[in-house]
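Engineer: Using the sequences and the hints, build the whole thing.
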Amino acid sequence: MANPMRIRAEIRDGLTEVRLLIPHPMESGQRKDENGAPIPAHFITALEIFHRERLVFGAEFGPSVSANPFLRFRFAGAVAGDRLVARWQDNRGDSRRDEATVAAAKR
Amino acid sequence: MDRRTLLQAGGGVGVLGLLAAAGVISPELALAANGRAGFDARELDAALAALGAQDAEAGAALSLSAPDIAEVASAVSIEVVSRVPGTDRIAILVAKNPFPLAAVFSFPEGTQPEVSTRLKMAESAEVIALARAGGRFYMAKKAVSVTIGGCG
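Line by line, the protein sequences are chains H and X. Whatever position you read off the first sequence (first residue = 1), add 11 for the numbering used here. Whatever position you read off the second sequence (first residue = 1), add 1299 for the numbering used here.
Note that these hints are calculated values from the structure, not bench results. Fair warning: this is a prediction, and the values are worked out from it, not measured in the lab. Some hints could be false.
What the hints assert, rightly or not - No more than 35 Å apart at the CA atoms, straight line, and that leaves these computed lysine-lysine pairs for DSBU-like:
#1 X/K1441 <-> H/K43
#2 X/K1395 <-> X/K1441
#3 X/K1395 <-> X/K1440
#4 X/K1440 <-> H/K43
#5 H/K117 <-> X/K1395
To be verified - To be clear about the criterion: a stretch of chain X counts as covered by chain H if any three or more of its residues have a C-beta under 8 Å from a C-beta of chain H, and this derived list gives those stretches:
#6 1385-1397
#7 1406-1414
What the hints assert, rightly or not - Okay, the calculated bits of chain H under chain X, using three or more residues with CB under 8 Å as the criterion:
#8 62-69
#9 72-78
#10 85-92
For glycine and all other residues, C-beta sits at the position ideal for the given N, C-alpha and C.
Structural biologist: Here it is in structure tokens:
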């Protein structure tokens, strides 16, 4: 089972800023191990973020996205205390779902 | 049947929707299927064509921020901001990577058409951002030098 995503969501200037860090090797399939054998591709292919069951952000990835992908985006309509749901799926069919709570703006 | 075959066969939602109903995958992620167009292309032009973006226009309303010189080629910070009204999708490509199309982002109404992420670069190359608005594509480019060979 993959490790949980780190999700920070904070209201800033009337929008919710979301920062995600997703633990995942994102192996490109181009590298070789110490014996010269190819390391199989293993990367996230799809990611989605929902707020109140509505999609607010979608992503498709290829193998060029860095290991432990980082993302930042902003959306409208959330208030402090709202829940976000994030899901990803990779090319091996593994997936993970995590939740986060929208925080109030920092003073 | 592999996943790509599934996505192509179903045009995305259809077959995946069935899988979701069967509990094989989550219902939410079934919506993620934009078809993965362009991700299997090994040349930039082929990736642009697969996205339907071969005639993308350059425009100042799309900005792409990336370093001139990337010291860590395995994690190059990229930010794309579109000020083209109606932008619903942004794609980022790295011209000389083995698979140039790195990511495609979807922006439902209410989400700002902007994204920051980190990409691998196999060698010094142009990074290309595309924004789709009203069915048309807009393009911005930035040359990025990598000082040490990255991992493809």
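Engineer: If you check each hint against the structure, which ones fail?
Structural biologist: Checked against the structure, the only hint that fails is number 5, while the rest are satisfied.
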